[in-house]
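**Student:** For reference, the chains in residue letters:
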Amino acid sequence: MLTLQKLITELTAFWEGEGCLIEQPYDLSMGAGTMHPATFLKVLGPDPWRCAYVQPSRRPADGRYGENPFRLLKHLQLQVVLKPSPPDVQEMYLRSLERLGVVLKEHDVRFEEDNWESPTLGAWGVGWQVLMDGMEITQFTYFQQAGGIDLSPITAEITYGLERIAMFLNKLHSVFDVPWSADTTYGQVRHRDEVELSKYVFEVADASLATLLFDRSEAEARRALAAGLVLPAYEATLVCSHQFNLLDARGAVSATDRVGLIRRVRDLACACARAFVARSEGAVSPAGTRSSAPPAAAEGTAPAQPQPAAAS
Amino acid sequence: MSRHDFLLEIRTEEIPAGALTGARTDLLRRTVEALADEGLVPEASQSFATPRRLILWLRGLPERQEDRSSEVVGPSATAAFDAQNNPTKAAEGFARAQKVEVSELVVIDSPRGRVVAARRTIPGRPSEDVLAEVVPRVLGGLSFPKTMRWGRGENVFVRPVRGVLALFAGRVVPLQVFGVAATDTTVGHRILADGSLPVTGAEDFLAKLRAAGVEPDGEVRRLTILESSRAMAQEVGGSIETDADLVATLADLVEWPGTVRGSFSPEFLDIPEEITTTAMRVHQKYLPVRGPAGLLPHFVAIMDNDQDRKGLIAKGNEWVLNARLGDARFFYETDIRQPLDSRLEDLARLTFQDRLGDYRQKTGRLQDLAETIAHVVGRPDLVEPVLSAARLSKVDLTTLMVKEFTDLQGVVGGIYARREGYSDSVWRAIYDQYRPSSSSDDPPREAAGAVLSLADRFDTLVGLFTVGLIPTGSRDPYGLRRAAFGIVSIATSRRWRLDWRPVVRKAISLYPHASGGDGEKGEKIVSDLEGFFAERMKTLLERRGHAHDEIAAVLNVGIWDFADAADRAQALSQARRETDFRTLVLAFKRIRNIVGTDDHGAPRQDLYRESAESQLAADFAQARQALEELTRSRRYGEAMGMIASIAPSLDRFFVEVLVNAPEEDLRRNRLALLAAIQKEFSHLADFSEIVVEK
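Residue numbers (this note's numbering), protein chains in the order written: chain V, 3 to 314; chain U, 326 to 1019.
Hints are computed from structural coordinates only; laboratory data are not their basis. There could be a bad hint or two in this list.
[Unchecked claim] Within a straight-line C-alpha distance of at most 30 Å, the following computed DSBU-like cross-link-like pairs (lysine-lysine) qualify:
1. Lys173/V <-> Lys8/V
2. Lys8/V <-> Lys76/V
3. Lys640/U <-> Lys173/V
4. Lys173/V <-> Lys635/U
Since the model is a prediction, treat every value here as computed from it, not as a measurement.
From just these sequences and the hints, can you work out the full model?
**Tutor:** As structure tokens, this is what we get:
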């Protein structure tokens, strides 16, 4: 029996062994591990980067009140980013499966084309979904662009859907039966969360608050950028993104609004990305050794970016 | 000169199945062309592809290029040599520049008189050197639907290149492809084989690949899949539905094609079959198994493996399919709790197109337009079913099922409408509204479905044309060419007399932003669409086997009615086989040259002088009357015969009558007669376009 926590421990240990820094989950709501600054910001610029972490991912529209055995409002992703993408990245990935006890010859493992695009992040990549015996267990992407910026070097991103893998390797028919630990199921830990969060987003959440938070966070992101503060600006962008998802799940977004809201989030994400690159270029010290760049360098570049027209 | 084999293998990470065939054939064609430009032509050539490698095998390629002699022309002989026939400074400079001795210069005759020339023999280069240049260039120039960068981001290809094998005459060709240097080793299957394999030549290479779990030949993989899946279906008393596209795709997803059979829970056979088979074919790429009495709860899946050692692969695929079908059943049961009728309001939340409003509005337009079309094609009896179908045509976009199974839009609506007891013509119209979905798909089965499909396509085409989203080049994001082809193909297959202009005008009037004003904008759209439809009509006639000149002849006189144009093309190609068209066509070409498109007025009887002239006029008058009747009753074959019947008198006219008569009035009258014939006899086809031997 492969428990969820064992799955996490093994994969984390594996990637640590491949030279990855083990980051922690980001402390904000987000729809995917890609939005963690350790991916979205770190794929930018020239510095090498290897990192792995678990990120809880919230997708309000996927809430099913804990009644659907396959769908979760909040699920766990294990995200690996390798920059530049190593030549043996596929073999590394296959070894990570072996680490989980998978004997590759006893299975059918295939890489089938599946490209990825995130309109809210201004990001896209080329890659595959990895299928094991017909089941999609991983998304494998070569990032080509993030925040509207062409990337070089290229990052390989590997995203494991942890609940799916645990369900599949244990051949269970409900995610809630997945063993979290030896004596506790996923259902015991999370089922109540799913019921309550689903009820909240579909029936209770105050759409006007979400709209307010969206608007104010957007303004806050702009203010932070104007002050040369990339990470706070990006955090505010993440708030916008999550509030948009909430509004969308609530059915409070008309089709026309939708396009505009997505564009506003993307504009922020792109502005953050540009500011991040400008800050790195202006920084004297190697990446990672200073918490922030000299304010003058950041201020000199961020406001120079064209300000997108305020959305009506 | 001795010849040797060239073997090239480019190993990559998994290339998308859809890009494989193009990559394989382009690599072959372009390499052979590029080598031919260098004077190197192999005796035979072939290429193979798997998801992880592109392979090129050129047999009997010359060892080196032939030596070539080149001649560079220099100064004139008089400038190059003085009176004593000694070389001048000019000759010396030229020889130096050409890297030859002055004594080697020759004097030759040229268009500008006698000049000196430097002759040199350029030795042919070893093929190995040429290959080292050509191969990287060809690979860099291959085009793919989507490319990517990787690693340090310096190179662009369909997927990262991880290894290169290049052998000529058994030796490694010193070339580099995207930063990867060629070697004489390959690797086998990702999972079934280990380590690198040294290769001595092409036969050795192919044999070693096959022994290492790689079948290089896609056709062999395809046949293996087809045979073993048929056998597996037979074991459970069923057969595989012929799905050539799917099997071809499957063959390009694996290096070693194995198949496994799995089963799903029989309770899922209660879900409408279209949904179950879509989950299998489209989502999971499985081949459904059908028995004499219908779908069986089995499927065949492929695997990139030689065997299912512990049964885990079959079990895993079964688990996935059962989960998918469980999901589908959940969608189905949830969806049918909300009647279609009550979903209409939700359509207001779905955008049809940014500038063209939502699907609630589109539904309203479809109802109006479908009614118009029913009247235009003379089927007022269809108004009622078509209005019901149009009203509900888009509501399935709000169902969970269509959100998950997007390919089933329309079909899901049809299935749900059938469940709710709508009449056959209504639910089938909804079901078939997106047909034909491709140029090989059938049009809607019934007339109401055809009307609805036409209405949807006209609305989309007109809407996008009104906001300027007209397809250009290869870009057609809204599928407008397909939409227009669907219109042409529905109208012709039903042989509906459909003048599309009033339909388009009606469609324009239903878009608030486009209607109103002086209608000038609307007429611009009509004329833009005419050209757009003509292209699709041309494609359709080509597929029906019509010659290009017949198509041009028919399209030249207008295509307001597609079925009519198709009939005229049909009549024309038949008539030209049965009747002597040569005389007629030559006469019409002559008329076109003489009279052009000017208006020459009506011919006057009192000005005919020659008997050939009077006879032509009389024959014309007679044929014209008969032609009117034949055209009205659309007996185009006979009409073409009638037109051809005046060929002898036209011929006689041109032999005996001088059109360019010295008398001004006679000349004008003769031109007027010919112009009238051209005008009256060109309603069905422009005969001057027909190609005949002179």
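**Student:** All the hints need checking, so say for each whether the structure fits it.
**Tutor:** Here is what the structure says about each hint:
| no. | hint | result |
| --- | --- | --- |
| 1 | Lys173/V <-> Lys8/V | 16 Å, holds |
| 2 | Lys8/V <-> Lys76/V | 19 Å, holds |
| 3 | Lys640/U <-> Lys173/V | 9 Å, holds |
| 4 | Lys173/V <-> Lys635/U | 14 Å, holds |
Violated hints: none; the structure is consistent with every hint.
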